[in-house]
Structures are given as C-alpha cells and as structure tokens.
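Visitor: With the sequences and hints as input, model every part of the structure.
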Amino acid sequence: MSPSARSLEMIRKLVSFDTTSRNSNLEIIQFIRDYLASHGVESRLVHDEAGKKANLYATLGPQDKPGIALSGHTDVVPIDGQEWSSDPWKVVERDGKLYGRGTCDMKSFVAIALAMVPDFLAQPLATPIHLLFSYDEEVGCVGVRHLIEQLKQLPVRPASVIVGEPTDMKVIVAHKGKKSVRCRVRGFECHSSLAPRGVNSIEYAAELIAYLNRMGRRLAAEGPFDPSYDVAHSTVHTGVIQGGTALNIVPKDCHFDFEFRYLTGVDPEALFAELKRFAETQLIPAMRKVAPDTGISWEDLSSFPGLDMPEEADLVVLAKSLAGANAVQKVAFGTEAGLFQQAGMPTIICGPGSIDQAHKPNEFVSLEQVALCEAFLGRLIKRAATRAEA
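Okay, so the sequence shown: first residue is 1 according to this note's numbering, each after it adds one.
Do not take every clue at face value.
Claimed, not checked - No more than 30 Å apart at the CA atoms, straight line, and that leaves these computed lysine-lysine pairs for BS3-like:
(1) K320 x K276
(2) K13 x K90
(3) K170 x K360
(4) K179 x K360
(5) K97 x K170
(6) K152 x K360
(7) K360 x K97
(8) K382 x K65
(9) K289 x K320
(10) K97 x K276
(11) K360 x K52
(12) K360 x K13
(13) K382 x K90
(14) K13 x K97
(15) K360 x K65
(16) K382 x K97
(17) K170 x K320
(18) K170 x K65
(19) K52 x K179
(20) K152 x K320
(21) K170 x K90
What the hints assert, rightly or not - Restraint-style ranges between C-beta atoms, simulated for each label pair:
(22) E222 x L121: 48 to 58 Å
(23) V156 x T281: 34 to 44 Å
(24) K52 x A221: 43 to 53 Å
(25) F272 x T386: 45 to 55 Å
(26) A325 x P285: 53 to 63 Å
(27) D293 x G244: 16 to 26 Å
(28) G344 x L121: 22 to 32 Å
(29) R214 x P285: 15 to 25 Å
(30) I249 x Q82: 32 to 42 Å
(31) E222 x A325: 42 to 52 Å
(32) V317 x L121: 53 to 63 Å
Because the hints were derived from the structure by calculation, they are not lab data.
Everything numeric in this text was worked out from a predicted model, so none of it was measured.
Using N, Cα and C, we set each Cβ at its ideal position, and we do this for glycine too.
Guide: Given below as structure tokens:
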C-alpha cells in the first residue's frame with residue numbers, strides 16, 4: 001500500500017513551515033486558506049488577541065447541515081537541544097518513513113485531509129466535512145478554545161469530530177484529563193550559618209513535593225483504576241523546580257511545576273484542594289512564626305478535560321468501520337478531543353503515526369500509515385456522499 005503523490009507533496013509543504021508554538025502560525029494558515037480558496041472553499045479565521053495566530057474553520061459540502069469535522073493542530077514542539085540527522089523542516093524519505101518535525105504530530109493528518117479536498121468536493125456530499133485547524137495545542141490546547149466559542153455561536157456546527165493525533169490509525173475513545181500548576185514559595189533569606197532564623201523556600205517546596213509524591217503513590221495503590229490505559233490510575237508528577245542563589249544563603253524564593261493526569265471520575269480540583277490544605281494548615285503557619293511576610297501561592301498553567309466516549313456511540317461505530325477495526329483503545333496523552341466533547345460534539349481520535357515518535361529528534365511517520373489514513377478518509381468520502389450524519 002503506497003500513499004498518493006498529492007499527500008506526500010502536502011506533507012512536505014506543511015512541514016516546511018516552522019510552526020513551533022512560540023512562533024506565529026499565520027503563514028501556514030494563510031497557505032491553507034489560499035489552497036482551499038483555489039478549490040472554491042471559503043475559510044473562517046479565528047485569531048488570538050494579538051492577531052499573530054489563528055485557527056481555521058472551513059466546510060466542504062452543504063453549508064446548512066451539521067457534519068463531521070476533521071481536526072488537527074498546526075503547531076509543533078521545539079527542536080531546541082535535539083540532535084537531528086537531517087533538517088527538521090525538510091521532509092526526508094528513508095526506509096519507508098518520512099522524517100521531519102511534525103510528520104507524526106500532527107501535520108501528516110492535516111496534509112492528507114487537505115490533499116483529499118478535491119476528492120471530497122468531487123462527491124455530492126450528503127454529510128458536510130468540516131476542516132478545523134488550531135494553534136497552540138502543544139502549550140495547553142489554547143487556541144482551539146477560541147474556535148469552539150465561535151462554533152457555539154454559529155447556526156450550524158459540526159455534529160461530531162475526528163481528531164487526527166497519531167494513534168497508528170487505531171480508534172481512540174478516551175484519554176486522561178490534565179491540570180498543571182506552578183507553586184511559588186516565598187521564604188526569608190539570611191546567612192546559612194543562621195539558618196534557623198530564615199525560612200528556607202526550597203525546603204518548604206520539598207515538603208510540598210513530597211506530599212504530592214505521597215498522593216501519587218496513594219492513587220497508584222488505591223485507584224480508581226481503568227485497565228484499558230497503559231497506566232491504569234491517575235498520576236501526580238513534578239517536572240520543574242527552581243530556587244536559591246548560593247549555598248551559603250538561605251533561599252528566599254523557589255517555584256516548582258506539577259501536574260495531575262486523571263481518569264474520568266477523579267476530580268483534579270479535589271486533589272489540588274488537598275495539597276493547598278496541607279500548605280495552609282501545616283506549612284504556612286510554621287513559616288510565618290519566623291517571618292510574617294512569607295507564604296505560598298499558586299498559578300494555574302494549563303488544563304484540559306479528559307475524553308470518554310461510549311463504545312456504542314454512533315461516531316465510534318462509524319470510526320471503527322472507517323478504520324476496519326473491531327476494537328477501540330484508550331491513551332494516556334491528552335488532546336483537544338475532550339474540549340470538543342465538553343462542548344457537546346462527540347469526538348474520537350484516529351490518525352497516522354505513533355505517539356512514540358512524537359516530540360523526538362528524527363520524528364517520523366511511515367508511508368504505510370499515510371496510506372492507511374488515505375484509505376480511512378476515502379471510506380469517509382463514500383459514507384459522506386451517501387448518508388447524512390446527524
């Protein structure tokens with residue numbers, strides 16, 4: 001099974017845009033807008049507040065009916081500090097694989113959907129196909145939230161969504177939710193020889209991190225559990241810590257970042273509240289006995305809801321048919337899918353490539369996966385041409 005030249009050309013084109021999340025994505029969005037316009041398809045752009053980034057929304061087929069959205073993000077993670085064997089922004093084909101930043105996560109899906117626009121338009125579609133491309137997914141599913149708010153105001157919006165994140169073209173019906181937080185500890189500095197007269201921000205941060213670690217061990221031991229996930233329980237993780245200036249100074253400031261990745265039915269706010277109670281009842285009083293100006297503060301970094309679709313849902317049944325699959329799976333990594341479902345649009349995840357390759361140097365997608373995605377969308381074309389999906 002070999003992919004089409006059109007899809008390969010479009011993958012090369014999209015990868016050539018450096019859409020690292022810190023950069024603007026307007027160049028790639030304008031390219032997509034102009035490409036669709038060349039096929040007679042109008043696009044709606046939803047910009048960020050600064051006007052430097054945009055989501056794109058377009059409809060193929062009837063404009064007055066709900067349909068199925070094909071959704072993907074245009075941003076990619078940085079290449080900083082990674083050792084690539086080739087230019088990350090130029091697709092290299094080698095040993096049946098396409099190498100380049102975003103080939104897996106997730107420009108190949110976007111490219112294949114775009115390459116197949118003429119095929120969709122060649123059919124008298126009973127079900128419209130919506131194209132929904134976002135920005136800043138990699139930094140907390142930021143951009144798509146603005147687009148979803150716009151969709152809520154439209155007289156017609158997608159009835160369901162297929163998010164093309166890399167799943168080896170397997171149908172994914174659930175993923176965990178995430179809440180990430182930055183904790184700032186403000187201590188009181190002094191010479192380390194007089195340490196008891198100071199408030200060591202690093203040590204108090206360490207007590208909070210140790211408490212988080214105990215919470216994580218408790219969840220691993222007591223659950224709840226869902227064996228459909230590779231990690232069957234909710235997790236707690238601390239990934240960044242910074243503080244202190246010199247060994248002979250009791251540190252005044254320290255901050256650390258942590259996250260909860262939680263199963264359906266687990267309340268991340270309750271976990272967060274438990275940690276804050278520990279800080280407020282056990283740590284802050286002790287800190288302020290030494291120096292009343294000390295304290296602990298919190299800053300939300302990002303969050304997204306989990307996805308949880310019943311296997312008997314119409315969209316899941318359709319996706320299994322399109323993928324030729326008999327079963328569905330769940331994944332630990334997060335996507336925009338939970339936000340779509342939260343907004344009332346049933347959503348599944350199915351796209352080319354493996355999450356094992358995402359975010360790595362020498363990221364790749366196999367030619368076989370590209371071809372399988374083309375076959376999936378080809379079946380969707382036939383379905384959309386013959387049936388109206390409500």
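Visitor: Tell me the hint numbers this structure goes against, listed in increasing order.
Guide: Those not satisfied are hints 1, 6, 9, 10, 13, 15, 23, 31 and 32.
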